[in-house]
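Colleague: Each chain, letter by letter, is given below.
There are 2 protein chains.
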Amino acid sequence: MSMPTSASAAASTFAAGSSPSDDHIMLELNIANQPFTLTNWYKKMNWISTIALIFPPVFGIYGFFTTPIDSRTFLWSVIWYFCTGLGITAGYHRLWAHRSYSASWPLRLALMLCGTGAVEGSIRWWSAGHRSHHRWTDTEKDPYSIRKGFFHSHIGWMMFKSDPKKKGRTNISDLNQDPIVVFQHKHYLPLMIFMSVVFPTLVSGLGWGDYRGGYFYAGLLRLVFVHHATFCVNSLAHWIGDQPFDDRHSPRDHVLTAFITMGEGYHNFHHEFPADYRNAIKWYQYDPTKWLIRVCHFVGLAFGLKQFPENEIQKGVVQQKQKMLDRCRARIDWGIPLDQLPVMEFDDFNEMAEQQNLILIGGVIHDVTNFIGVHPGGKALMKSGIGKDMTAAFNGGVYDHSNAAHNLLSQMRVGVVRGGMEVEIWKRAQREDKNVDLVRD
Amino acid sequence: MSMPTSASAAASTFAAGSSPSDDHIMLELNIANQPFTLTNWYKKMNWISTIALIFPPVFGIYGFFTTPIDSRTFLWSVIWYFCTGLGITAGYHRLWAHRSYSASWPLRLALMLCGTGAVEGSIRWWSAGHRSHHRWTDTEKDPYSIRKGFFHSHIGWMMFKSDPKKKGRTNISDLNQDPIVVFQHKHYLPLMIFMSVVFPTLVSGLGWGDYRGGYFYAGLLRLVFVHHATFCVNSLAHWIGDQPFDDRHSPRDHVLTAFITMGEGYHNFHHEFPADYRNAIKWYQYDPTKWLIRVCHFVGLAFGLKQFPENEIQKGVVQQKQKMLDRCRARIDWGIPLDQLPVMEFDDFNEMAEQQNLILIGGVIHDVTNFIGVHPGGKALMKSGIGKDMTAAFNGGVYDHSNAAHNLLSQMRVGVVRGGMEVEIWKRAQREDKNVDLVRD
Ligand code: HEM
Ligand code: HEM
Ligand SMILES: [Fe+2]
Ligand SMILES: [Fe+2]
Ligand SMILES: [Fe+2]
Ligand SMILES: [Fe+2]
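Here the protein sequences come in this chain order: D and Z.
Per this note's numbering, the first sequence starts with residue 1, numbered consecutively.
Per this note's numbering, the second sequence starts with residue 1, numbered consecutively.
Be aware that one or more of the hints could be misleading.
Identical copies carry no separate label here, and so any pair may be met within one copy or between two of them.
[Unchecked claim] The calculated lysine-lysine pairs, modelled on DSSO-like cross-linking and capped at a C-alpha distance of 27 Å, are: (1) K383 - K306; (2) K44 - K161; (3) K321 - K282; (4) K166 - K379; (5) K383 - K141.
Hints in this document: simulated from the structure, not taken from any laboratory.
Since the model is a prediction, treat every value here as computed from it, not as a measurement.
Model the full structure from these sequences, guided by the hints.
Modeller: This is the structure in structure tokens:
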């Protein structure tokens with residue numbers, strides 16, 4: 001790629017949008033990059049995903065208004081909601097996409113089956129996209145970049161085709177080692193249909209005769225909730241909340257998002273420490289996915305739980321706090337910097353103080369004219385200090401001034417005395433003890 | 001004062017506690033400094049204060065069990081509680097002791113009369129002690145130093161005599177300019193008896209015939225509550241809460257203390273900015289004393305409300321936060337400081353990397369032996385970097401690592417390359433553009 005070197009070349013580059021070659025360029029553009037029109041919109045849609053996203057809520061609402069709710073079916077729907085949701089969070093996300101722990105095959109099988117019931121694609125497809133999201137967060141290559149808006153990050157990225165050239169490719173070769181992942185990818189469609197609607201329908205049908213309720217509530221409507229709950233990790237968790245670990249990217253921590261997403265809402269932590277099996281690090285924060293992994297670890301189904309060293313986590317917290325504090329600091333007026341003040345001899349200070357209300361404290365000359373009248377310690381003491389080095393008096397000799405008083409001083413400084421720190425004190429020390437030299441530099 | 005110069009002199013100094021001169025020394029001690037004994041305890045008591053502190057609750061409780069509560073008397077007691085409490089907080093404290101605003105004579109008169117009803121001594125006596133408390137907070141000279149315990153700071157300091165030599169003397173000459181203060185000081189005893197019991201008794205007696213209730217509820221019991229509420233400023237406000245403005249002394253901010261003390265509970269702010277007429281600076285914090293002063297200002301009774309510049313307040317907040325953060329920072333292991341690492345040439349690094357797993361990033365050599373296997377970006381990429389300068393790859397060339405990854409690096413560093421920052425990149429630049437010099441120093 002070379003930069004245009006002449007003005008005319010630059011002009012022709014900028015004019016390209018309206019040149020005769022326009023149509024030609026348009027034809028070369030991937031459908032994802034073409035603007036919406038009345039004739040092309042259906043080509044820009046990713047129909048399979050769109051149907052999977054629209055059919056369940058539409059048909060589910062129809063079912064809701066035509067099917068009485070059996071309390072056992074309702075309970076089963078909630079259970080199946082948590083099972084399939086955790087299949088995504090504990091399985092797809094923390095186990096396979098991030099390898100934040102290892103699991104024996106019965107747990108892997110269960111997580112795969114549950115995750116399949118959430119209808120979010122195969123583990124391989126999901127993990128590839130998710131690794132891209134972590135590797136290129138907030139950039140063009142982030143498949144669900146929040147920079148393209150809330151809708152895009154929530155479901156838009158699935159409903160519309162994307163430019164394959166912009167896709168960030170990540171390595172998922174490790175997943176091919178897992179026969180359960182490979183098996184699922186090969187038989188995804190039948191498995192998905194079975195786990196998302198057939199299985200939940202059969203449970204409530206064979207269990208207590210409510211096939212219709214099982215289909216609509218535990219199948220379709222449960223799926224709608226699981227969909228949007230997990231999608232919130234890509235949208236809401238990049239939208240609302242705090243950034244205690246790093247604020248260079250969009251991920252945020254919010255308890256609300258955590259409640260919706262089974263604990264994935266501590267997303268600022270997660271993006272900073274993606275290999276950690278936890279999303280919430282405090283015991284009182286809501287992270288049922290972590291709790292599940294811990295229970296599985298306890299019973300021997302999960303092992304090798306990865307945890308970022310606490311020392312490293314605290315580093316990030318301190319650095320982020322420092323960053324915030326430095327921003328506050330920058331908004332404050334700290335007075336004229338010391339190195340921009342004129343430097344003079346002690347005798348010059350003495351002379352000047354005959355005309356002006358100058359007090360020397362800590363080697364710095366302060367013009368106290370406007371402060372004498374409002375000094376909380378009284379006018380008399382202020383006046384007694386004019387023309388003198390009051391470092392010791394100010395710092396406890398007469399009164400140990402507050403930090404606030406020290407701060408006030410910096411607004412009054414007008415000069416620096418060469419080697420002037422406590423000159424008076426040093427002179428006295430010299431008189432008392434011949435071993436102390438008068439400081440000179 | 002001279003230090004003992006021989007071992008025997010030191011020994012005799014330390015043995016003084018049991019020497020024959022012991023009794024003689026004891027006789028010279030002020031009563032406040034003598035230990036409690038069965039024969040001297042009554043001499044150590046300050047009987048006037050002690051009676052003023054013990055009589056109202058004891059007699060008040062007797063009254064409580066023998067006097068029916070009239071709802072009008074109860075309401076009047078609450079009102080008189082707030083009036084006399086605000087007399088202390090808005091009058092004694094913020095107006096006279098701190099001169100944080102000015103008041104016209106009708107307001108001063110009202111505040112003086114109400115404050116007198118709180119039975120806490122004259123404005124002059126109260127302000128002198130309070131100014132000492134601010135000037136020598138937490139030291140021997142602080143009359144109600146919390147360092148001597150909660151009980152001492154709450155009421156102990158009034159009940160027992162104190163060593164006059166340890167008293168910090170402050171200037172209250174300004175108060176002598178106020179005829180209302182002088183008048184009160186001169187006629188304190190009759191005024192105090194009138195405002196604390198006679199007046200509240202008369203109001204409910206002449207008002208609705210409840211002399212007895214007025215005496216016990218609006219007089220005595222109301223006084224007990226006002227006493228301990230205002231004493232909490234000296235005890236509780238130096239005991240519980242946060243220190244957002246400065247933590248070198250004991251004062252603390254706590255909403256509970258604020259509720260008890262009519263807004264004086266933002267005591268950390270108050271000690272840092274004592275000349276400010278506010279104690280709470282946020283609108284949603286509970287500071288009715290401030291609200292009263294504002295209303296008086298609005299109707300023209302108060303003027304010259306002093307407020308510390310917001311810029312100076314923010315300075316204190318930022319500095320205190322920085323202090324806290326630095327404490328956290330000090331508890332973290334930041335790895336071997338860069339300047340303690342051995343410095344070598346790039347060629348030495350190349351040579352060493354043939355034996356060890358070394359990667360150069362940002363001019364610093366890292367031993368990645370223990371990290372290759374657990375690198376979230378995979379083994380292959382790590383291995384590809386050994387013996388090379390991977391600064392650009394690490395910082396976005398291949399992947400823009402998180403801040404957490406940068407922190408991890410610092411635990412692995414083992415050396416520094418002289419002028420080694422991006423040596424490889426500079427070499428390439430030199431090959432491509434003859435104008436770029438290879439950096440050497
Ligand atoms: C420009 C120089 C000075 C500034 C900005 C200053 C500021 C202050 C401030 C803000 C206070 C309120 C209490 C506090 O915040 O600690 C105060 C009180 C006081 N200052 Fe200064 N001061 C200055 C110079 C002096 C000097 C030279 C003396 C003594 C020779 C002095 C003696 C006192 C005393 C005795 C108090 C009274 C403390 C009390 O009664 O609570 N100040 N000063
Ligand atoms: C000692 C040196 C290294 C350390 C401490 C380190 C650390 C990490 C960490 C903590 C992550 C997780 C994601 C993050 O926190 O950003 C990561 C991911 C990654 N690293 Fe490294 N890394 C090192 C060297 C390298 C090198 C030399 C390369 C490339 C040549 C590289 C390429 C990657 C890639 C591609 C990822 C994957 C990001 C993803 O898929 O989300 N790393 N590294
Ligand atoms: Fe994310
Ligand atoms: Fe993730
Ligand atoms: Fe205090
Ligand atoms: Fe005060």
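Colleague: Does each hint fit the structure? Answer for all of them.
Modeller: Hints, one by one, checked against the model:
Taking the shortest alpha-carbon separations for K383 and K306, only the inter-copy value of 22 Å comes in at or below 27 Å, while the best intra-copy value is 67 Å. For the homomeric pair K44 and K161, the shortest alpha-carbon distance inside one copy (6 Å) is at most 27 Å, but the shortest distance between copies (89 Å) is not. Taking the closest pair of Cα atoms, K321 and K282 come within 27 Å of each other both inside a single copy (18 Å) and across two copies (23 Å). For the homomeric pair K166 and K379, the shortest alpha-carbon distance between copies (26 Å) is at most 27 Å, but the shortest distance inside one copy (72 Å) is not.
Taking CA atoms no more than 27 Å apart as the test, K383 paired with K141 passes between copies only; the shortest distance there is 25 Å, against 68 Å inside one copy.
No hint from the list above goes unmet by this structure.
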